[in-house]
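Just need the whole structure built from these sequences, with the hints factored in.
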Amino acid sequence: MKIVGQDAEQMHEEAESASLCSMFAGEESFGIDTAKIREVLGRRELERVPMAPAFVAGVVPYRGDVLTTVSFRALLGLPENTEAGCVLVLDDDGGHERFGLVVDAVGGVVTVQRKMLEANPCTLDAKCKWLFDGAYKMESGLMVQLDPQKLRPSRLAETGMFRQGGTGESL
Amino acid sequence: MRLPGAVVADKSPRANALSVVPDKRDVDDLTQEFIAESQDGLDRMERCLTELETRPQDSQLLVAEIFRAVHTIKGTTGFLGFNRLEKLAHAGEHLLGSLREGRLAVTEELISGLLRLLDGLRAILILIEETGGEGTRASDEDSELIAELAELNGEAPKTPLSEKSTPVVSIKAKEEIAQPAPTEATSTVNSTQGSGSASGDKTLRIDVEVLNRMMNLVGELVLTRNQMLQSGVEATNFPELARRLDSVTADLRETVMQARMQPVGNLFGKFPRMVRDLARTCGRDVRIEFSGQETGLDKSLLEAIKDPLTHAVRNAVDHGIESPADRVLAGKPAEGCLRLRAFHQSGSVVIEVADDGAGIALERVLAKAIERGLVTPEQAKEMTEREALQLIFLPGFSTAAAVTTVSGRGVGMDVVRANVEKVGGSVELESKVGLGTTLRLRVPLTLAIVPALVVRSGGQSFALPQTALVELVYIPARDAAQVVERVGASEVYRLRERLLPMIWLDRLLGLKSKAESHGFYMAVLEAEGCRYGLVVDDLLAPEEIVVKPLSAVLREIGLFSGATVLGNGTLALILDIAATAARAGVKPVMDEQEEQAVEVRQDEASFLVFEDRARERTALPLGVVERIESVPFSRIEYANGRALLQYRGELLQLRDDGRVLDEFETLQDEEASATILICGDPQTTSSRMGIVVRKVLDVSDGTLLEKEAANGEMDLALVKERLTTIFRGFGATAGKRWREVA
Chain A
1 MKIVGQDAEQ MHEEAESASL CSMFAGEESF GIDTAKIREV LGRRELERVP MAPAFVAGVV
61 PYRGDVLTTV SFRALLGLPE NTEAGCVLVL DDDGGHERFG LVVDAVGGVV TVQRKMLEAN
121 PCTLDAKCKW LFDGAYKMES GLMVQLDPQK LRPSRLAETG MFRQGGTGES L
Chain B
1001 MRLPGAVVAD KSPRANALSV VPDKRDVDDL TQEFIAESQD GLDRMERCLT ELETRPQDSQ
1061 LLVAEIFRAV HTIKGTTGFL GFNRLEKLAH AGEHLLGSLR EGRLAVTEEL ISGLLRLLDG
1121 LRAILILIEE TGGEGTRASD EDSELIAELA ELNGEAPKTP LSEKSTPVVS IKAKEEIAQP
1181 APTEATSTVN STQGSGSASG DKTLRIDVEV LNRMMNLVGE LVLTRNQMLQ SGVEATNFPE
1241 LARRLDSVTA DLRETVMQAR MQPVGNLFGK FPRMVRDLAR TCGRDVRIEF SGQETGLDKS
1301 LLEAIKDPLT HAVRNAVDHG IESPADRVLA GKPAEGCLRL RAFHQSGSVV IEVADDGAGI
1361 ALERVLAKAI ERGLVTPEQA KEMTEREALQ LIFLPGFSTA AAVTTVSGRG VGMDVVRANV
1421 EKVGGSVELE SKVGLGTTLR LRVPLTLAIV PALVVRSGGQ SFALPQTALV ELVYIPARDA
1481 AQVVERVGAS EVYRLRERLL PMIWLDRLLG LKSKAESHGF YMAVLEAEGC RYGLVVDDLL
1541 APEEIVVKPL SAVLREIGLF SGATVLGNGT LALILDIAAT AARAGVKPVM DEQEEQAVEV
1601 RQDEASFLVF EDRARERTAL PLGVVERIES VPFSRIEYAN GRALLQYRGE LLQLRDDGRV
1661 LDEFETLQDE EASATILICG DPQTTSSRMG IVVRKVLDVS DGTLLEKEAA NGEMDLALVK
1721 ERLTTIFRGF GATAGKRWRE VA
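If you read the protein sequences in the order shown, they are chains A and B. Quick note on my numbering: the first sequence kicks off at 1 and runs consecutively. Quick note on my numbering: the second sequence kicks off at 1001 and runs consecutively.
Possibly wrong hints are sitting among the right ones.
Said to hold, decoys possible - Among the chain B residues that face chain A by a calculated CB cut under 10 angstroms, a handful are: (1) 1470; (2) 1509; (3) 1570.
What the hints assert, rightly or not - Calculated lysine-lysine pairs in the DSSO-like style (CA-CA distance at most 30 angstroms, straight line): (4) B/1432 / A/127; (5) A/150 / B/1548; (6) B/1432 / B/1422.
In short, the hints are calculated from the structure, not lab data. Beta carbons: idealized from backbone N, C-alpha and C, even for Gly.
Okay, structure coming up:
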């Protein structure tokens, strides 16, 4: 997306803009800062973990480790998808908790202007208020920004909001 | 910065430089190396000292070894500037010098003094490791010890410090020391062990040879990868490359494992000293013997069993071995013997702690268990010896009449068992009153790679560690309704006349159970004393799995101990056998009737009963019958009047006591076929033979009749209340073996 020849104007522009990776779950489109995405694994069959919290989509092997993945559909309260989702590998800032995020599809990298970001509407329900980090007003529609920090499985478990999802069996 | 430093240096030039410099540079590489080396030297010294006591005839060699250790420390400390350590080492060296020249005799007192020197040196080394300095109170802390060493050297009045105290007092002081010293010593030993393991955890000594081999294998791995990348999957030599990759990986794994292996002797090395100190505290006379020190064990496992083993050794000295007086009364030598043995047995390492003490008095165990409310008196009455011994592993159990400083601190055998089981091992106890007790710790060779059985349930794969797997039972769908019985809401299975609780894995995990199929499998599992049958849909291959940890969120579920990538690339969760039992509500049972059942069956061997002479029943021990073949009559050939059969490239002699072949001969029926038992001694496969029989009747258990009832070459047995001849046609040894079996 970015062009190499950088001059002062572009530098300025960069501070003003952000590059997001767009993704889709249900009808809506979401974006995560590309710097926080480690890898896009693509469509993967996940091994489900019985008795796990509803937001856990399953586990997937990743570079010699076993990666826990979070189902974004489950977070939104959407019914489970029949086909395999796309897995993104996200890194914690500290790097001590690496996890996967499962979405319906991954779009591409989009550059957005920071000034186009608008805060969450006050009418949003508590769950979504926690998950969403404002929305960018794009030409094609709205793109909700997500904060990977808040999607960490251990963080999600702490909040207790997503323990009982729409689909998973309860403990 | 410079100015104040210079001023301070002017005031007290030497002393300050010494105490400040080590602090500043903290602990540098040179010092680190010195500490590691000295600790090795001290370990060696400790071993030699305890040996010196038991083998005075080798004193020259041993003293030289000890001298060398102390001398090395002294030399290096002087060079590194650790004054306190140097002073103490010097005093020790002086004493050892006299000993080496033969001016002193080896006495118990002398050895105690040297052991205290050892503790002193260790304490300073630890201080250096922790703080980088050896402490400033050099003179007042060690002077007593130095004086004592000097006194042992026979020059007591010389040093100014012992001048202050009269000889009488110093002797008295020593007597005082002699009593509390061992406890003090044990506490220092404990502290050194603690910090020793802390630094020992981080580093590992590996044979350069092993490392080189590893490097070579990695090189080969890279080469193989390059070849694979170049040739591609379609290439003709691809299968060969895959095979090579397989062998290189296996070799590499083996080598890495080998590098992690540490001889058990490292762990044993701590015990002579501990046993010596303990024996003195408890007033026992104990000799310690080792075997199999070179047995290798994974480093992490070695760490894991250190505490249980230490506990077992303490127990053996404190509770196991009686006081010398009692031993003499019992007709045993005054000196007790503690044997530590390590050896490999079927993929695991067994460490045995055996004493020749009083053994465990069962009535006391039962009395204690009743007193503690662990069992009711009625239950106790019905308990077998084995069951009663298992009580010792229950939490809150200790048979020590009095709580001593050594044992009875509330941590008992239950902790030993829990710790060993945590790493996938098991604990066995064997005891004979008056003869001694043997405790066996059985641990797997390594932790990272576990043999496991992969099963499927609810459309998912799960791995069950083989260590917990007792047996597998297949239940066909048509039998399911009959064999699965209910007690209230819980389902049980009758396994060899014992009720086994059944747990449906798919139901427990809330999985969608599969539609009706051919049947299901039940894995009989045992962990932490719980035994249950886990019902799964299907069994996949047994595999050696590499355990991968799970994230915190998934660990919280508490049912899975990890995950693994299977051969086909999919993931399988590793089931925590004990946690699953707890989740399903299975309580530990403490009986081992299983083994009794096996013993009973040994008294009554299984027989294959057949008919050879008309209306006469003959039996063969089932173990010697390899196959039952139906052979067309035309295939039986004759040579020199004897019937022979070509069987799998071997010429079998046929024995035909019932003249079955002659009957066929007269019948002239080409289509007829004879039933032939292919028999062979399982031990010596060469002596196979065929036995022609009329028909095979049954397989059943029988009891051998007393020798008197039998006559001549025949043994008779009662099989299903009918007289049966035991066939004896093999060599004399085989016949003897049968009788042993039967």
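Tested hints:
Given hint, residue 1470 of chain B at the interface with chain A, is violated; its Cβ is 24 angstroms from that chain's nearest Cβ, farther than 10 angstroms. Here the hint on residue 1509 of chain B is kept, as its CB sits about 3 angstroms from the closest CB of chain A, short of 10 angstroms. Taken as an interface hint, residue 1570 of chain B checks out: its beta carbon lies about 6 angstroms from the nearest beta carbon of chain A, inside 10 angstroms. With a C-alpha separation of about 66 angstroms, the suggested pairing of residue 1432 of chain B with residue 127 of chain A is violated against the 30 angstroms cut-off.
For the hint pairing residue 150 of chain A with residue 1548 of chain B, the CA-to-CA distance comes to about 25 angstroms; that is within 30 angstroms, so the pair holds. As the CA atoms of residue 1432 of chain B and residue 1422 of chain B are separated by approximately 28 angstroms, the hinted pair is consistent with the 30 angstroms bound.
Going through the hint list in order, the structure does not satisfy hints 1, 4.
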